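S.K.: Listed here are the chains, written in short residue letters.
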Amino acid sequence: MKPLTPEQSMYTCVRCGACRDACPTLDITGREADGPRGRVLMARSLLEDRIPVNAEIEEQMSRCLLCSACVDACPVNVQVPEIVMLAKEKIAEHKKSPFLVRTLKRFFFNHLLPHPRRLQFLGHLLWLYQQSGLRWLVHKLGILKLFPDSAQQMEAVLPDLLPPSERKPLPSFTPGCSEQNKRAGKVALFRGCIMDVMFRETNRHSIELLARSGFDVVVPDDQVCCGALMYHNGQKDTTLELAKKNIEVFEKLDVDYIISNAGGCGAMLKEYEELFRHEPEWLERARAFCHKIRDISEVIVEQGTLPKAVGNGETVTYQPSCHLQYVMQVKRAPEQLLSRVANLHYRPLPESNLCCGSAGIYNLLQPKMAGDILHKKMGYVKETSAHVIITANPGCLLQMKAGVHSEGLQNSVKVVHIVDLLAESVERAEKQASTG
Amino acid sequence: MIEKIISELQRVIDKERVLWRKTDMMTYAYDASFATQLEPKEPEAVVIPLSTDEVQACVQLANKYQVPLYPRGAATGQTGGAVPIKGGIVLDMSKMDRIIEVDDENFQVIVEPGIIQANLNAALKKYGLFFPPDPGSSKMCTVGGMISNNSSGLRAVKYGVTRQYVLGLEIVLPTGEVIVTGGEKSRALKSVSGYDLAHLMIGSEGTLGIVTRIRLKLLPLPPARGIVLCSFPKIEQAIEGVRAVYHSGIIPSAIEIMDIYATRAANKMRPDLNLPETEALLLFEVDGNKDIVALQVKTISEALKSHTDYVKFSDDPEQCENLWQSRKIVGAAVGNLKPGGIRVYGGEDICVPFSRLPEAIRRIHEITNSYNIVCGIYGHVGDGNLHTAPIIDINNQQEVEKAKQMIEEIHHLAIELGGTTTAEHGVGIVRAPYMEIEHGQALDVMRRLKKTLDPNNILNPGKMALPT
Ligand SMILES: Cc1cc2nc3c(=O)[nH]c(=O)nc-3n(C[C@H](O)[C@H](O)[C@H](O)COP(=O)(O)OP(=O)(O)OC[C@H]3O[C@@H](n4cnc5c(N)ncnc54)[C@H](O)[C@@H]3O)c2cc1C
Ligand code: SF4
Ligand code: SF4
Ligand code: SF4
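These protein sequence lines map, in sequence, to chains E and U.
Residue 419 in UniProt numbering sits at position 419 of the first sequence, with consecutive numbering throughout.
Residue 364 in UniProt numbering sits at position 364 of the second sequence, with consecutive numbering throughout.
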């Protein structure tokens with residue numbers, strides 16, 4: 001658990017500026033107000049009622065990506081994102097959003113995300129949209145033009161969903177392959193909500209990769225969404241409900257680790273302990289749960305054995321997810337795994353420490369800033385001459401795809417989740433071994 | 001009137017880089033100093049220039065309308081140096097941060113002032129070169145800010161201070177002319193042609209000109225380093241230890257001291273460091289090629305043997321990193337000495353003659369005890385430079401007042417011991433009250449220089465006890 005609450009940590013900022021160079025938004029504009037130090041000061045002034053709630057402060061607070069890079073850089077661990085969230089909560093109290101927005105939000109956060117089945121149904125609809133003439137029609141009629149550029153781009157880069165017939169439930173138990181590897185332990189996969197609808201293939205590959213690295217893998221069917229989106233939209237009650245449910249589901253399993261393959265989900269799961277700071281009856285259970293959370297790369301590097309893997313001779317680079325590197329503190333594992341793949345040229349991405357600008361729905365809410373951040377990022381990608389950008393989080397994956405799209409690199413650059421690349425490379429190695 | 005200036009500024013500079021909204025102004029009202037944390041001072045406008053031309057345009061407008069102008073790097077300064085204490089316009093130089101040219105054949109680099117020290121060195125690494133002055137703030141401060149404060153840091157014992165590396169500057173004068181001193185076209189490493197205007201600018205804290213381009217001398221990056229960590233029951237023994245090392249014929253790249261409170265704080269933050277909590281902990285760093293490092297580490301440990309029974313050393317990179325940890329975290333760790341307290345920057349940069357270090361440390365402890373304020377001391381002992389870190393509850397008015405008085409006493413102590421109130425952080429507004437005692441008649445010459453170069457008192461007015 002964090003030693004200080006956000007309120008306490010707000011007062012420990014000594015204005016040393018150590019966070020400045022880590023901040024992606026400050027990197028774009030150079031305005032002190034677009035950096036962590038400025039944000040802490042503004043939030044504090046607002047929370048102490050020294051400045052009023054108005055459009056200006058609302059705009060300032062909404063420019064933070066909440067990426068946590070500054071927390072990582074701060075010598076005294078000032079919880080900048082949480083402090084910004086406190087300010088946002090105060091702003092929200094003063095400003096009721098329009099009825100329609102509230103209703104939509106409530107529907108989305110309370111009636112959709114927490115329910116895997118409903119989400120799957122939405123997935124079916126989306127598949128239908130993609131497969132039927134509807135998408136063609138929408139494009140033809142220019143309906144998308146009514147939406148902001150970033151939303152248009154997102155529509156264009158959404159992955160093609162698997163048809164409902166192929167989106168079968170994930171196997172509830174997969175034994176670790178012990179021919180090549182010693183048994184490394186028993187793990188449970190956290191499948192995520194949106195992840196499981198849009199990136200079912202990646203979840204499937206995660207199971208394969210873990211099993212081939214020596215782990216027995218279970219996937220409990222009654223797990224629910226991690227709650228990240230609700231939490232960050234101020235729906236704490238729903239978040240707590242989901243957290244309790246997940247804790248109950250996973251503590252029944254007797255596994256060594258709970259594995260996440262999405263930095264955003266993993267980071268939220270690690271926050272559960274913090275959520276129950278004031279609920280002693282849940283705190284212990286939450287702590288035990290949190291101690292088991294691992295990112296898939298991390299657990300393979302530390303506990304498992306990646307089987308022989310062979311690439312396709314391509315040049316790859318890696319864009320880390322902020323939540324993975326700064327909140328989960330998984331910094332080297334993904335690159336270590338990539339370096340173990342034969343016939344793959346890995347080039348480090350310059351300034352990879354900076355967020356890609358995706359940050360939940362930031363790219364929809366702050367299209368200009370997100371666009372500038374992404375444009376800069378794509379410049380670095382070009383410097384590496386990579387054919388493949390590897391990511392470890394669905395948000396970053398979509399954002400990098402949007403970047404590839406807007407820079408017109410669709411034909412030369414692919415964006416791939418690290419699990420997919422690794423699973424395919426392992427498979428390739430196996431095929432080569434059996435044929436050669 | 002400021003509206004008029006803002007609209008004129010917007011005509012020459014991108015609207016997005018001319019700031020005037022209330023919240024923006026709040027965020028330019030401070031640096032890292034205790035003083036501006038207590039009393040922030042907001043500007044009326046901020047400009048983020050991208051070129052010398054834009055800087056020049058700002059200076060011309062400031063003269064036209066007679067408003068003050070304050071150059072600012074990353075505002076990591078601890079003296080209020082870049083803070084607009086008289087209103088007016090802040091020039092945020094941090095976006096002019098390009099490396100213009102690495103001339104590795106001549107061991108030189110030309111940069112814009114906003115570049116961050118650590119980023120410059122990261123870029124120089126592939127040439128096997130480096131810019132040695134390394135303040136504790138190297139990851140955040142700008143080279144322009146370093147020049148203006150003549151910053152140094154851990155490795156000043158061996159490599160000296162920023163001043164020693166500046167070969168030439170492009171400067172926008174307070175009256176708007178652009179001069180190049182120690183020219184960009186020249187690549188000479190030495191020159192005595194004319195008055196040394198570049199060095200007049202260094203340490204002038206943004207009162208005599210705005211630095212827009214910098215030509216720096218570089219040194220070869222030492223491939224290896226080694227660390228010796230040792231602890232002494234008494235401060236006097238520690239100083240004897242340093243003397244013994246000097247007499248062994250070695251100039252370490254850094255010699256750092258931590259007092260018992262600083263050590264205790266480091267242990268609290270990182271129990272695995274497990275440092276002995278005695279009156280003084282010393283860290284020696286040596287660098288050079290691998291063989292030389294190994295030899296130096298051995299010689300230093302030998303030299304220290306008769307002064308202490310606790311010596312740890314290594315020339316293995318990973319081990320070194322570990323031994324160096326206590327020094328790296330101490331600035332942040334001291335905050336742990338008192339729950340609910342934060343470290344404030346004040347009286348934090350005194351420098352005394354080497355021979356009087358034990359007395360200085362003892363007397364600082366006496367002073368801080370008499371105020372009942374927890375305070376860690378650490379610093380660059382090889383130069384006699386001590387950083388004191390008072391930890392107070394900044395929301396407690398009584399404690400704030402006590403701290404102010406205590407800081408005053410520490411400054412007077414430095415002067416009494418034949419030292420200075422600031423070794424590297426500068427004067428700004430915080431040390432202005434001591435300028436008269438420290439400089440006497442020389443302050444008058446500084447004031448005359450200021451008046452000659454800046455007749456309208458446009459640039460960074462109210463700092464360094466210059467005319468107001
Ligand atoms: C944690 C911490 C540790 C530190 N450790 C050290 C240390 O070990 N050694 C040390 O020397 N200092 C240290 N400092 C102090 C400070 O970081 C240095 O003085 C630094 O060089 C200031 O750089 P800056 O870019 O932040 O300048 P600022 O604080 O923005 O400005 C400092 C001064 O430079 C002037 N200035 C800035 N840019 C220009 C320009 N382009 N042209 C003209 N004038 C300009 C400003 O007007 C001001 O007077 C430390 C500070 C912190 C917070
Ligand atoms: S948030 Fe942390 S790093 Fe940033 S100025 Fe405050 S104390 Fe320094
Ligand atoms: S969370 Fe990210 S965007 Fe927000 S202040 Fe910190 S580093 Fe900047
Ligand atoms: S982070 Fe994962 S589980 Fe949580 S809301 Fe997002 S997709 Fe769903």
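Hints listed in this document are in silico derivations from the structure and should not be mistaken for laboratory results.
Only a predicted model underlies this, so the values are computations on that prediction, with no experimental measurement involved.
It is possible that some hints are incorrect.
Derived DSSO-like pairs: lysine-lysine, alpha-carbon spacing no greater than 27 Å straight-line [said to hold, decoys possible]: (1) Lys-15/U to Lys-2/E; (2) Lys-22/U to Lys-2/E; (3) Lys-15/U to Lys-158/U; (4) Lys-125/U to Lys-376/E; (5) Lys-402/U to Lys-376/E; (6) Lys-331/E to Lys-126/U; (7) Lys-96/E to Lys-22/U; (8) Lys-368/E to Lys-95/U; (9) Lys-268/U to Lys-368/E; (10) Lys-308/E to Lys-331/E; (11) Lys-451/U to Lys-376/E; (12) Lys-331/E to Lys-15/U; (13) Lys-331/E to Lys-2/E; (14) Lys-168/E to Lys-382/E; (15) Lys-90/E to Lys-125/U; (16) Lys-95/U to Lys-376/E; (17) Lys-158/U to Lys-382/E; (18) Lys-328/U to Lys-331/E; (19) Lys-4/U to Lys-382/E.
S.K.: Which numbered hints turn out to be false for this structure?
M.R.: Hint check: 1, 2, 3, 5, 9, 11, 12, 14, 15, 17, 19 fail, others pass.
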